[in-house]
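A.B. asks: Keeping their order, the protein sequence lines are chains A and B.
Going by this note's numbering, the first sequence opens with residue 1, and the numbers climb by one from there.
Going by this note's numbering, the second sequence opens with residue 216, and the numbers climb by one from there.
Because the hints were derived from the structure by calculation, they are not lab data.
Don't take each hint at face value.
[As the list claims (entries may be wrong)] Selected chain A positions facing chain B (in silico; Cβ < 8 Å): (1) H18; (2) V23; (3) P130.
[To be verified] A few chain B residues that don't get close to chain A, going by computed Cβ distances all over 12 Å: (4) D350; (5) G352; (6) A362.
Note that the Cβ used here is the ideal one computed from N, Cα and C, for glycine as well.
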Amino acid sequence: MNDNDLITAVREQRDKVHSRTPVDQIISRGRTVRARRRIPPAVGGLAVVTAAAVVLGLGVSGAFGPAHARATGTIRTTAFTLTRHANGTATLTISPRVLLQPSTLQSDLQQDGIPALVTTGSFCSSDPIPAGFARVVSGPTGTPPTVTINPAAMPAGTELSFGNFQYSSSRTDTEIELIDASTHTCSSALPTSPPDDDGVLMLGNGSGMGEPAGS
Amino acid sequence: MVVRYVRVEAQQLDFAEFYREFKDACLFAVLVSVDDRDVAQELVDEAFARAWASWRSVSRHPAPAAWVVRTALNASVSRWRKRRREVSLPQPGNIADLAAGQADSSLDPRVMAALTRLPARQRQVVTLRLLLDLDTGRTAEVLGISASAVKAHLARAIATLRNNLIPEPQQEKRS
Numbered sequence: 001m002n003d004n005d006l007i008t009a010v011r012e013q014r015d016k017v018h019s020r021t022p023v024d025q026i027i028s029r030g031r032t033v034r035a036r037r038r039i040p041p042a043v044g045g046l047a048v049v050t051a052a053a054v055v056l057g058l059g060v061s062g063a064f065g066p067a068h069a070r071a072t073g074t075i076r077t078t079a080f081t082l083t084r085h086a087n088g089t090a091t092l093t094i095s096p097r098v099l100l101q102p103s104t105l106q107s108d109l110q111q112d113g114i115p116a117l118v119t120t121g122s123f124c125s126s127d128p129i130p131a132g133f134a135r136v137v138s139g140p141t142g143t144p145p146t147v148t149i150n151p152a153a154m155p156a157g158t159e160l161s162f163g164n165f166q167y168s169s170s171r172t173d174t175e176i177e178l179i180d181a182s183t184h185t186c187s188s189a190l191p192t193s194p195p196d197d198d199g200v201l202m203l204g205n206g207s208g209m210g211e212p213a214g215s
Numbered sequence: 216m217v218v219r220y221v222r223v224e225a226q227q228l229d230f231a232e233f234y235r236e237f238k239d240a241c242l243f244a245v246l247v248s249v250d251d252r253d254v255a256q257e258l259v260d261e262a263f264a265r266a267w268a269s270w271r272s273v274s275r276h277p278a279p280a281a282w283v284v285r286t287a288l289n290a291s292v293s294r295w296r297k298r299r300r301e302v303s304l305p306q307p308g309n310i311a312d313l314a315a316g317q318a319d320s321s322l323d324p325r326v327m328a329a330l331t332r333l334p335a336r337q338r339q340v341v342t343l344r345l346l347l348d349l350d351t352g353r354t355a356e357v358l359g360i361s362a363s364a365v366k367a368h369l370a371r372a373i374a375t376l377r378n379n380l381i382p383e384p385q386q387e388k389r390s
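Excised from the complex, chain B in its bound form:
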């Protein structure tokens, strides 16, 4: 009985440390894929709760934070499917409106919009490499693609972001 108690407590401390380290990055990663700060918070909270519920196996995942983000985004898709007859599809750019006017007013709407508009695979690589700080090998393992493919997607993502972040006047000069 005592051993079991100690073991559970140790597991809890381990999870708490993981949560403190990754909760903000996971929230941001989900925020760039959904169009609502409260929804992102709800999805991430539930995903972390599921991670805790299965912590013995999730802690052995190559990147538990990636598991959390993925679980949250899967739930987001399920949520959207259930409500698709009631609400319209999230439109790219809504997140920028949110960042500009609501809770996270300190966010740069241009950067947020540029992230939101990335193609899916590029956004996944950016999420893992830049937001969750995974290395190339771990990112490749999580996504099930080669390391060279990760590098290629990241290079394209950075090019896309740079292109989208060029100030309007400069874009006009180039065209």
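So that you can see chain A by itself, here it is in the shape it has in the complex:
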């Protein structure tokens, strides 16, 4: 068998395998991926100082306890700051280094008129995802990352799903998605290889094609 015969044999095998997934299904799933808004982890001294200042302001019980307090429309905990504005929108800042207490954030959001489902270590989503996410959530911006939520733009029967994942002792990520309140599923699967916002983190490193030569 010469080189050409061998290459032909390999390509013949390739040509026998056919993907059975229609492109519409891929695009639908892609829209779900795209619609998620990851609040990226902030790194560096500023985030540490910010988190530390909040902890000091609240005392030790603020870490996971009910030590949040409403003042001039703002709720602060070590994990997040939620501010309700006069125009009906709310801004939410999540500390990238503190795991959320789901029930606290969920009830505080609901107090501000934002139907929400908050989970840690899992993420709930609907398929298909309801339209209109971009009108409901904008951002994130700044450090620590902040999103603006407009509850008036939420379609009837929907709520915002917040999935908070801890990747390491110093890094948590939060994903936000609009879901159908009556039909959604939750998965504890950690989002694979958390990408940058443009999804290209995996290029040029990792354990795939970029690993050292095996021969």
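Go by the hints and put chain B onto chain A.
C.D. replies: Here is chain B on its own, set in the frame of chain A:
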């Protein structure tokens, strides 16, 4: 509003064309690295979905199909790491068993096993050069190695494949 709609539609057509052209090759490329046809399908579908979600940047990649394969294989590694306490390591040769007995029974188990057993770098070069049909320069760019290194790895890979594909009786004669 109208402009945005048209732009999205154009982007969708572009992606759909890319998907039609490369979905089978990407699936096969992942199949030779994992030991399960359904897992390969799932990984490739998710990687294509991620490509669509980031199509504006992925479409500018030197080889978007290579991005898809790499994304799928990275997810495969993550998947394995999460389950490593529950399942055993994939063993080379399982793919041949699969090809022999399951959905892709038309596949030649000898060729599949030979591909699966290639060392990592040789398999990467084979994937890009022979399965995704990238030229040497583009393969070198994607892998971050020189063109001469690509040629050397491909030559070694072909030699390895040929050696592994020699029929059993012939191997015995040579030894």
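A.B. asks: Hint by hint, note whether the structure agrees.
C.D. replies: Hint-by-hint comparison with the structure:
1. H18: 5 Å, holds
2. V23: 5 Å, holds
3. P130: 17 Å, violated
4. D350: The claim stands: D350/B keeps its Cβ more than 12 Å from every Cβ of chain A (closest is about 14 Å).
5. G352: G352/B is indeed farther than 12 Å from all Cβ atoms of chain A, at 16 Å.
6. A362: Correct as stated: the minimum Cβ-Cβ distance to chain A is 15 Å, above 12 Å.
The structure shown violates just one earlier hint, number 3.
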